[in-house]
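Protein chains: 2
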Amino acid sequence: MAENIDVAQAAEAGPGQGSVLDHLLMRDEEGQLRREFVEEIARAIHAADRPLLCEVVAELHEADLGDLIAALEPEDRVTLVEITGTDFDFSALNEVDDAVREEILEELEPETVAEGVRELESDDAVQLLQGLDEEDQEEILEKLPPPERVAIERVLLYPENSAGRRMQTEFIAVPPDWTVGQAIDYMRDTPDLPDRFYEIYAVDSEQHWQGAVSLDTLLRARRPVPLVDLIEEDRRRVSVLDDQEEVARMFGKYNLVAAPVVDTTNRLVGVITIDDVVDVIEEEADEDLKALGGVTSDEELSDNVWTIARGRFNWLLVNLATAFLASSVLGLFEGQLEKMVALAVLAPIVASQGGNAATQTMTVAVRALATRELGSNNAFRVVMREAMVGLVNGLAFAVITGVAAVAWFKIPGLGVVIGLAIICNLVAGALGGILIPMVLERVRADPAVASGTFVTTITDVVGFFSFLGIATLWFGLK
Amino acid sequence: MAENIDVAQAAEAGPGQGSVLDHLLMRDEEGQLRREFVEEIARAIHAADRPLLCEVVAELHEADLGDLIAALEPEDRVTLVEITGTDFDFSALNEVDDAVREEILEELEPETVAEGVRELESDDAVQLLQGLDEEDQEEILEKLPPPERVAIERVLLYPENSAGRRMQTEFIAVPPDWTVGQAIDYMRDTPDLPDRFYEIYAVDSEQHWQGAVSLDTLLRARRPVPLVDLIEEDRRRVSVLDDQEEVARMFGKYNLVAAPVVDTTNRLVGVITIDDVVDVIEEEADEDLKALGGVTSDEELSDNVWTIARGRFNWLLVNLATAFLASSVLGLFEGQLEKMVALAVLAPIVASQGGNAATQTMTVAVRALATRELGSNNAFRVVMREAMVGLVNGLAFAVITGVAAVAWFKIPGLGVVIGLAIICNLVAGALGGILIPMVLERVRADPAVASGTFVTTITDVVGFFSFLGIATLWFGLK
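Each protein sequence line maps, in turn, to chains A and B.
Positions 1 to 478 (UniProt numbering) are the ones given, in order, by the first sequence.
Positions 1 to 478 (UniProt numbering) are the ones given, in order, by the second sequence.
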């Protein structure tokens, strides 16, 4: 169903008569770019067909243009920007992977980039430039007119991941004693309003934030109504230094589409809009997921083999160290393993069940910490509950595994031994799975990144040690 | 930094003179509800202090009211709603866990719920009611006036996770030949506009969708301009049957704050707004993360021990079966394990390295499939790249592990044996990690849910088999 719509809309994207996009279907039924489309554009680039390319870049939405750029060969990407010149919308470059964007920007003349940056809202300009090294940034910035340069430079001073770094500095601010009519006339008469806005702000003569009026509220009111009467009293604002994740949580919680950003003296300096927040939410989800899977968050699908292999190496090295640690526990029981080889065969099962149960608990804990559902006021209850869940499933799997082990090896005591070990390990895994992320959060480490190693190390060590230790006692092995 | 703002805003939330929220600080520095606040409210509930409670529920944002309800004892929650009556905003119940909401709704009189539902926008009403069983739903719906009942019932007919189910049926639709002035006058004169809106829609006399005009565009234009001139030509719309995930992707890609929802005949039937989309994005991220961690997506932090233990049992059972399968491979080599116990000690290392490398690949694959970055046009390149990454890291860890194994057990050949096994397993893991999610996606299963089991089974089996098989050949064991 969704696919039909996509196709319809791809065809619609260029509604002008005789548009190139009328004959050239951009996407297939899956919503992927069609190879023929990309090849046609590549041909036009090689032929330096400026009119056709300008038409294409003008008609495509920046997001679609970004997809097209990503699909082109690296050298064609730069040529496309050069050929289309001022018709090229640089915000499309924010839609491609960081590595691709930086490569293009480094190839282009600083003048060309500066020309493109001038057309962008400040938040898009910052996003475009922030990945470049300082020298390249400087080269581009010095080609910009002073007011724009200063605005961007100021934003770049705010820490990464802060609200200040994400905000745009274009917004509409008017005196609170204006009426609705004055505000509307102002918007009609001012040519360079922000590209898109959802609310206007009331500020005093020193730019101190007084309140926000959303556009729908403005449109419901009659012209003589003063803005002061329309200001929503409990509207939330953001401080420039707030963490972007905190901001995203606030947007999600209070269903905001925009929020004013104020500096430490409550002066309005920018606005954060929901599209930036959606990016933050997606980035954070991406980070957590990758961190739990042992992948660094900056790995991108366009990276090459070496970059990726190197990025993943560290995590695997940590895992290797913990695997040797766990195996060294097995090594302590070499004599017992030789005497009863069934123990060697079954030990991985105990470790694996514990590891999986612990991962379940850890996943829930990491997620609940990220959404702030888990905090000091319910920590004790949640820890106790996880321990109980570990015990309940430990008992269930003790019985199942015990019966299966006896059926396999026909050694009667083996069922009791593996059952007890499973109970120990599932309870240990549950406690590790909940306590380790909580401790990491408390010491301000990212629970998503580090929990996995610690937790599975615990269940490997406890699993092997409890199983072989109990077996040694039960069977009187030495 | 964020905390300071939160505290400031919590104190600000009740700005009226003499408001209870002036003396009662709601949240602590972490942004968590303060225990004293919750206790004060609980006291007021037990004392049936209607004026105070009405003031509190009126002043709190629905999201904060939801947090308060979640923090109260179960019986107090229902009493709070009953005492505050029509002052209680039922949309607050959409902010709490499903289980908590359903418990409250089942305890309340259907009349009370119907009264509350009447005040909600249709999407909030649907969200509130959709978790109830049909009988309870019917009882409440029957108490609503016919137009509202029909609107909600119609939405409930759309499949879960469809755009139709998420949309609100309140929107502003006007004829396309109206001018800006007419549209503004209409909004000023109509009392029951949607609570919040970001654009207005042009429809013909049969309600067929003609285009959208965002409010900022409307406010820039002068009164005599016809709406037709302001319609954005490439605006995307959603079909009622589109999957909510597809809709969320579209919002994220094209930076939308609202989108019209049309039925199969292109008639405008509703609108989806960004706050719903943010919920979808968060739910989907939650689902993927939990699925990869082996937890069902409907597990909530407020669930009890039994619900959780039962929910996690199935996944652990699947894992147990695969663990036995892997151990049965070890069982094939019992003789060899007895002769050379070092093999039993080291085998888990080979399996673990493969499992972790495979999980890395799988995490990236699942994420790239979810974001549609990975599709048929780049599948071959990505698979080849993952295999190469597996080979590169396989070679690196073959050397490290081989050296460590020889140093530990002083058996020279062991280094070569474990090294070769590591290479085999990391390549197998890489291929499994990328191909299994792709195949699952192709057969329309959720790659996040099922990939993990398959992938680690492969690396356990290949790890044990290659290590012990190569050892058997190398050392001539039998």
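Fair warning: there could be bad hints in the mix.
Note that identical chains are pooled: a pair holds if it fits in a single copy or bridges any two copies.
[To be verified] No more than 30 Å apart at the CA atoms, straight line, and that leaves these computed lysine-lysine pairs for DSS-like:
#1 K410 x K339
#2 K290 x K339
#3 K143 x K339
#4 K253 x K290
#5 K290 x K410
#6 K339 x K253
Simulated from the structure, these hints should not be mistaken for laboratory data.
Results of checking the hints against the structure:
1. K410 x K339: Close inside one copy (16 Å) and across copies (21 Å); limit 30 Å.
2. K290 x K339: neither (43 Å within a copy, 41 Å between copies)
3. K143 x K339: Answer is neither: 78 Å inside a copy and 75 Å across each miss the 30 Å cutoff.
4. K253 x K290: Classified as both: same-chain Cα gap 25 Å, cross-chain 21 Å, threshold 30 Å.
5. K290 x K410: neither (43 Å within a copy, 38 Å between copies)
6. K339 x K253: Neither: 61 Å inside a copy, 62 Å across copies.
The earlier numbered hints that this structure contradicts are 2, 3, 5, 6.
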